[in-house]
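*Asks:* Listed below are the residues making up each chain.
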Amino acid sequence: MPEPQMRSGMVHRLTIYIFFFAAFVAVIFVRLWFLQVVQGPQYKALAEGNRIREISLEAQRGYILDRNEQKMVINRLALSVFIQPTEFDKLDDKQAKVEELAHLLEMNAEDITEKVQGADVQQHQPILIKKDVKPDVWFWIAERQVEYPWVSTVELPVRDYPAGEESRASHVLGYLGEISKSQLDQLKSKGYKLGDIVGTSGVEAYYESELRGDNGYQSVEVNAQGVPLREVEKVDPTPGHTLVLTIDRNVQQVAEKALSDAMALARTKSDTEGNPYRASAGAAVVLDPRNGEVIAMASEPSFNLKKFVGGIEQQEWDTLMNPANNYPLNNRVIVGLYPPGSTFKVVTALASLGEHFVTAGSPFYCNGVFNEGEFGDYPKTCWSIHSNIDFTNAIIQSCDTVFYSLGYQFYRNWSHVNPDWENRLQNYAKLLGLGTWTGIDLPDEQPGRVPTPQWKFDFNKGFPEYQSWYPGDTVNMAVGQGDMLVTPIQLADVYAAIANGGPFFKPHVGKSILSWQGDKLQDIPIEQLGDITNPTNPTGLSITPQELDVVQSALPGVVQGKGTAASTFQNFPLASIPVAGKTGTAEVAGKQTTAWFACYAPAYNAQYVVVVMIEEGGHGGAVAAPAARRILEQLFGLPATDFMSSGGD
Amino acid sequence: MPERLGRVLSPKVKERKQTDMLARQIMSAMPLRNVDLVLVGCALFLVGFGMLMIYSSTRMDVPGNPTHYVMRQIGSLVIGLILMAVFMLFDYRRLKVATPFIYGLVALLLIIVFLTKEAFGSQRWITLGPLTIQPSEFAKLAVILVLANFFSENRQEPDTLRSFAVPVLWTAPIILLIFLQPDLGTTLVITIILLGLLFLAGAKLRYWSALTVGGAACFAMGFVFHIFQQYQIDRFMAFLKPGLNPKDVGYQLVQSKIAVGSGQLLGKGLTRGTQIGGGFVPVHSSDFIFSVIGEELGFVGALILMAAFCFLLWRTLRIANNARDYYGSLLGMGIFTMLAFQLVVNVGMTMGIMPITGIPLPFISSGGSNLMVNLIAVGLLENIYMRRFAQF
Chain A
1 MPEPQMRSGM VHRLTIYIFF FAAFVAVIFV RLWFLQVVQG PQYKALAEGN
51 RIREISLEAQ RGYILDRNEQ KMVINRLALS VFIQPTEFDK LDDKQAKVEE
101 LAHLLEMNAE DITEKVQGAD VQQHQPILIK KDVKPDVWFW IAERQVEYPW
151 VSTVELPVRD YPAGEESRAS HVLGYLGEIS KSQLDQLKSK GYKLGDIVGT
201 SGVEAYYESE LRGDNGYQSV EVNAQGVPLR EVEKVDPTPG HTLVLTIDRN
251 VQQVAEKALS DAMALARTKS DTEGNPYRAS AGAAVVLDPR NGEVIAMASE
301 PSFNLKKFVG GIEQQEWDTL MNPANNYPLN NRVIVGLYPP GSTFKVVTAL
351 ASLGEHFVTA GSPFYCNGVF NEGEFGDYPK TCWSIHSNID FTNAIIQSCD
401 TVFYSLGYQF YRNWSHVNPD WENRLQNYAK LLGLGTWTGI DLPDEQPGRV
451 PTPQWKFDFN KGFPEYQSWY PGDTVNMAVG QGDMLVTPIQ LADVYAAIAN
501 GGPFFKPHVG KSILSWQGDK LQDIPIEQLG DITNPTNPTG LSITPQELDV
551 VQSALPGVVQ GKGTAASTFQ NFPLASIPVA GKTGTAEVAG KQTTAWFACY
601 APAYNAQYVV VVMIEEGGHG GAVAAPAARR ILEQLFGLPA TDFMSSGGD
Chain B
650 MPERLGRVLS PKVKERKQTD MLARQIMSAM PLRNVDLVLV GCALFLVGFG
700 MLMIYSSTRM DVPGNPTHYV MRQIGSLVIG LILMAVFMLF DYRRLKVATP
750 FIYGLVALLL IIVFLTKEAF GSQRWITLGP LTIQPSEFAK LAVILVLANF
800 FSENRQEPDT LRSFAVPVLW TAPIILLIFL QPDLGTTLVI TIILLGLLFL
850 AGAKLRYWSA LTVGGAACFA MGFVFHIFQQ YQIDRFMAFL KPGLNPKDVG
900 YQLVQSKIAV GSGQLLGKGL TRGTQIGGGF VPVHSSDFIF SVIGEELGFV
950 GALILMAAFC FLLWRTLRIA NNARDYYGSL LGMGIFTMLA FQLVVNVGMT
1000 MGIMPITGIP LPFISSGGSN LMVNLIAVGL LENIYMRRFA QF
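Which chain is which? The protein sequence lines are A and B, in order. Quick note: the first sequence uses my numbering, first residue 1, plus one each step. Quick note: the second sequence uses my numbering, first residue 650, plus one each step.
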């Protein structure tokens, strides 16, 4: 039975129909080609990122030992709990879950919420919720990983310190923190990445590349629920090197105690206006003058290193940063800038001897006032009336009049005799290493300041009335006042040069580097910075050993007889262990005087230089010298004996 | 002489006329010798391909029984092959008589599903002992039968309002029942079958366009008045903006694209798919099985699959083209529409060019009813092909 003719319209419709389908198939082919062949590598990478979780295996950071290989910084594993932001976001009942976790960890739910919602939260970076979780709680959570996929339990390797010594040598050792942008720029080539924990102060920062080991990693295949299926690859980490310091833990302990005791002592005393000294900060450093090794380095106020372990709490950080607390993080031995006061007189003395202005027995007369030449109208006063006094005793008794006069002589030689003498006295200061970095192996050292006419002109640019160099500037500098600024470590090196009879060395706190198994890899090299008796010094200045001997012979007198620190060194066995030192009481505009004591012992065969500085502490001999005495007692194995705390300048 | 659809596909009709007459007489006597082995082979190749992919993607799903899903699929295959054979045995024209009963049975089953849904929540299956039947799958075939029957009976006046309205009214209850299940995927398949056959049968374009636009408008209204389930809206939004909600539906889509894309040219190898093995791609053995193919067999594997499908669809068109009568052609084109639409939408959705609607990939996806329906469809096509020379 034949069927009627098909309408031509239907044929057209079939054509359209099939083309329509063919077009879709063509789109699918193009799409397939695009997805799999063109973009395939990107999707492959995405699939790998899905599947492979790379777990960084943190290398143990190297230990830090003292010079006797006593442990000062070690590591431990902190049982920590993190939240995984990506998994946490998937939760439906975040609040309830957070409260559950807070209950387990004995925390406030609000604190956890705050951490999870913090501005710096990154999706793929776990957020530390609590470190040092109770072991039973930590294991309870770890065993229930399937129930808590959004929580991860990690044994976080953190720094640890011997019990009770969390504040020992804090400034030298330093703390760890998240890598800063500038550090990252420097260290990127060495494989550091954003979020890395690195040394941010002290030797932790300076010896970062030695202390840091090589991280390993573990690649684990996971499923969509994040449950590990198998290990793909594992590279074990290599621990960092061990750093041996020049610091002696016992001396350090005594230095810290002596410093804080001295500050407490200072607070019992009052200034000329009857106000008790604030003694808000201080520094003490013990240096081996023969090689620049720093035996102890204390700075007050100090801080507890333990607070930085695993990341410091914001509140603690704010406390440390609060100006009212006098910046405990500052290592005042290397960053504190102070006028050296009378401790600088040894430099003026050496300069004057070098220029043949004086000899050991040169006679002077002090009536308590210096009013030579231009100073007739503006006399400067001495802290005492020394009457007839020779040059040696002027050093011992720290007679200002004598040093004003010597400073004035430098000025007049420039203004009246020799135009090349513009920076003559300053160049002697620089010869002794002042005004520039010692190069100590700690970050952020300050170079100090040796003022020159050119410096003053530049510094006061825009204020012409302050730009000229006056006789008073040189005269003030001669007694360590005015614009002269030094760090305690610089001053220690000045006295090291005197103690050594010329040469002085770059101070350093690193002694050697060991492999993590304990084999010595490298000694930190000893570097001579200069020699004041070397006639071929770059400045063209030098001091003969005979001239130096005048100062060397005078300094032991400071701790005995009429010396400014004599009473402090009562009962000290000076016969067997002669101490050579110099007190200083530096005036600071708007503040109480800075107390200084710089010394070395045994005189003529020095093993140690000790410098003590106390901000707003009063008189050097009365406040700073006692701390130095306590430190010397420890260094020479002497019992701590009583003394009178008094003395001048 | 009937002029067949195939003027488009093979224009040299006149040359074949002479031989046709003779051959027809000879061949009509032995229909079984005229089975299109290429079509059956193609279908079985796809089913085998699917089994392999189901094994690869589900071997970890039931602990200790890696072939759980494959065995179920083989069970369905056996039943499906029997049904296919059954649907080859009788002359397909007899279905015209059976059509009202088939329609009634399917409608009844859908009503049962709809009513039990009230008791058990969303449900698409009827459980009969070890067998679970998904009536909506069978509804696709029923609709094709109904429409082919109607259009072939009304061939003389395809563009009247009646010829347009009657098929729509017959189909509407089925579509509504399935939509209420809710099963958006099958709803769409049946709607497309309706629109496709209306278009091919020569419905007035004005009516046809009105229905298409009206349907789209209803779909839009569904959004506005929240008739759709939230997950359906989510799926559609995920298709429009996959990055919007990466955790839920968008997540499925993104992970599926990663699976397909990461297969690259040659794939990761059977059972080596990390997106599948790791459970990143959901419903990997049914709706998203193409992701498994893309990931494990790569562009080449996907190409082979698509080629097999195109081959099968070409054979389907050829059968529709060579059918003895208009009814056969319409049945063939209905089946073509059903398979082609599901292929395009399913493959497209795994690659993010079609919305996620829960449409299975014919022959490949796991799911008994779907496989059975597709095999019955192949049986019907063979039936039409075998009897292409039969005389009235």
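Rather than coming from a laboratory, the hints here were simulated on the basis of the structure. Bear in mind that the values here come from a model prediction, so they are computed numbers and not experimental data. You may find that some hints are simply not true.
If the Cβ cut is set under 8 angstroms, some of the chain A residues that face chain B in the computed set are [as the list claims (entries may be wrong)]:
{"no.": "1", "residue": "L14"}
{"no.": "2", "residue": "V37"}
{"no.": "3", "residue": "K306"}
Glycine included, each C-beta is placed from N, C-alpha and C at the ideal position.
*Asks:* None of the hints should be skipped; say for each whether it holds.
*Replies:* Hints, verified against the model:
The criterion of a C-beta within 8 angstroms of any C-beta in chain B is met by L14/A, whose closest approach is roughly 6 angstroms, and the hint holds. For V37/A, the interface hint holds, the least distance from its beta-carbon to any beta-carbon of chain B being 6 angstroms, beneath 8 angstroms. Because the closest C-beta pair between K306/A and chain B is about 40 angstroms apart, greater than 8 angstroms, the hint is violated.
Hint 3 alone, counting from the list given before, is not met by this structure.
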